[in-house]
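As you go down the protein sequences, you meet chains A and B in turn.
Following the numbering used here, the numbering of the first sequence begins with 1 at its first residue and continues without gaps.
Following the numbering used here, the numbering of the second sequence begins with 95 at its first residue and continues without gaps.
Take the hints with a grain of salt, since some may be wrong.
[Unchecked claim] The calculated lysine-lysine pairs, modelled on PhoX-like cross-linking and capped at a C-alpha distance of 25 Å, are:
hint : chain 1 : residue 1 : chain 2 : residue 2
1    : B       : K137      : A       : K75
2    : B       : K186      : B       : K324
3    : B       : K180      : A       : K75
4    : B       : K324      : A       : K75
5    : B       : K179      : A       : K75
6    : B       : K324      : B       : K248
[Stated by the list, open to error] Below, a sample of chain B positions facing chain A; criterion: calculated Cβ distance under 8 Å:
hint : residue
7    : G220
8    : L234
9    : L315
10   : E325
Keep in mind the hints are simulated off the structure, nothing from the lab.
Just so you know, even glycine gets a beta-carbon here, dropped at the ideal spot from N, CA and C.
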Amino acid sequence: MNCITCIEYIIVGVMMISAILAVEWRDLLAATVGMAAVSLFASLLFFMLQAPDVAMTEAAIGAALSGAIFIFAIKRTQRFETEEEEKPGWWVRW
Amino acid sequence: MLKRALAIIFLLIIGYWLAQGLAGVPFGEDRMLVGQYYLDHVKGQTGAVNAVTAIVVNYRGFDTLGEVTVLFIASTGVGALLWRKKRERTAKTEGSMVLTTGTTLLFPFVVLFGAYIFIHGHLTPGGGFPGGATIATAFLLLYMAFITYEIPHKAFEKTEGIVGMAYVLVGLIGLAIGGYFLYDWIWQDWKLGADNIGRLLSGGFIPIIYTIIGIKVGTELSGIIDNMLKEEVSE
Numbered sequence: 001m002n003c004i005t006c007i008e009y010i011i012v013g014v015m016m017i018s019a020i021l022a023v024e025w026r027d028l029l030a031a032t033v034g035m036a037a038v039s040l041f042a043s044l045l046f047f048m049l050q051a052p053d054v055a056m057t058e059a060a061i062g063a064a065l066s067g068a069i070f071i072f073a074i075k076r077t078q079r080f081e082t083e084e085e086e087k088p089g090w091w092v093r094w
Numbered sequence: 095m096l097k098r099a100l101a102i103i104f105l106l107i108i109g110y111w112l113a114q115g116l117a118g119v120p121f122g123e124d125r126m127l128v129g130q131y132y133l134d135h136v137k138g139q140t141g142a143v144n145a146v147t148a149i150v151v152n153y154r155g156f157d158t159l160g161e162v163t164v165l166f167i168a169s170t171g172v173g174a175l176l177w178r179k180k181r182e183r184t185a186k187t188e189g190s191m192v193l194t195t196g197t198t199l200l201f202p203f204v205v206l207f208g209a210y211i212f213i214h215g216h217l218t219p220g221g222g223f224p225g226g227a228t229i230a231t232a233f234l235l236l237y238m239a240f241i242t243y244e245i246p247h248k249a250f251e252k253t254e255g256i257v258g259m260a261y262v263l264v265g266l267i268g269l270a271i272g273g274y275f276l277y278d279w280i281w282q283d284w285k286l287g288a289d290n291i292g293r294l295l296s297g298g299f300i301p302i303i304y305t306i307i308g309i310k311v312g313t314e315l316s317g318i319i320d321n322m323l324k325e326e327v328s329e
C-alpha cells in the first residue's frame, strides 16, 4: 500500500472525527473550532487530490473567515450553563 | 417509538434508492468530452496557462458575474439585517503584544500575497476569490489586534461600487467590439501577449477581471467582518 494513500485515509478519518465532535460538543466555541478543523483538513485533502485552487479558497474562507464570523455571532449571544438532565445517547438523539 | 421506526425505514428506502441510482454511474472514469476540449484549446483560445482560471473567467465569465452578484447580495443582506442607528466597536480587551506586533509586521505581506494570488490568476493556482479572501483575513487580523480600528468605510464602499461596475463595463466593451457580452477583445482582436504565453502580460482580459474580482471580494468580506463585529450602543 502506497503511503500517500495512507495519509489520505488518515485525513479523512480526522475529518470525520472532527465533524462528529463539532456536532456533539455542547460548547459552541469548541464546536466552531471543530468545524474550522473540518475545513482545514478538507483543504489539505483538496491539495493532495491536485486541486490547489479549491484548497486555497477552502483554507481562506472555510477555516479562517467563516470560523471568525461564527465566533463573532456567538459573542453576541449570551452564555449560560444549566444542569444537564438525563439525555439519551448520541444514537437516538435525533 | 413508531415515529423512529418509520423514520429508520424511510431512511433505508431513500438510501437504497440513492445507492441504486449511483451504482449505474461509473466512478472515476472520464466520460465527459468537454474537459478534454478545454485542455486542448485553452492556450490558443484564451492565452492562459491555468485552464481552471480560463474556464472560470473566459468560457464561463457570465456565471462568474452572477457569483460576484450573489456575494454582493449576501454582503448587502448582512448590512441591512444588522443595521442600527449608532453602532460602535465594543471590544474591551487589548490584543496581546504578540498579536499586535505580529499584525503590524505581517499586514502588508498578507495583502501583498493576496494581490499576488489574483494578479497571477492566469498562471498559477488561485484567482480572484482566494486572493480577495486572503486580503479580508488581513483586515480581520487588524480588527482582532486593535480595539478601535475600523476600515475606511467611505473609500471601501466607493471602491466596491466602482469595481463592480467595471466588471460589467469590461463585458459591455466586449459586446461593442466582438458582438457578445464578455467577449475577450484583448486576446481575440488585439492579440496582446500572443508571443508571451506563460508570463504575466498575457491571457487577454483574465488578469483585468481577476483584479476586479479580487478587489471586490476583499472589500466585501471586510465589510461583512466589520458589520458582524460592531454592536449597538445605547446612549
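| message | Need the list of violated hint numbers for this structure, in ascending order. | response | Those not satisfied come down to hint 1.
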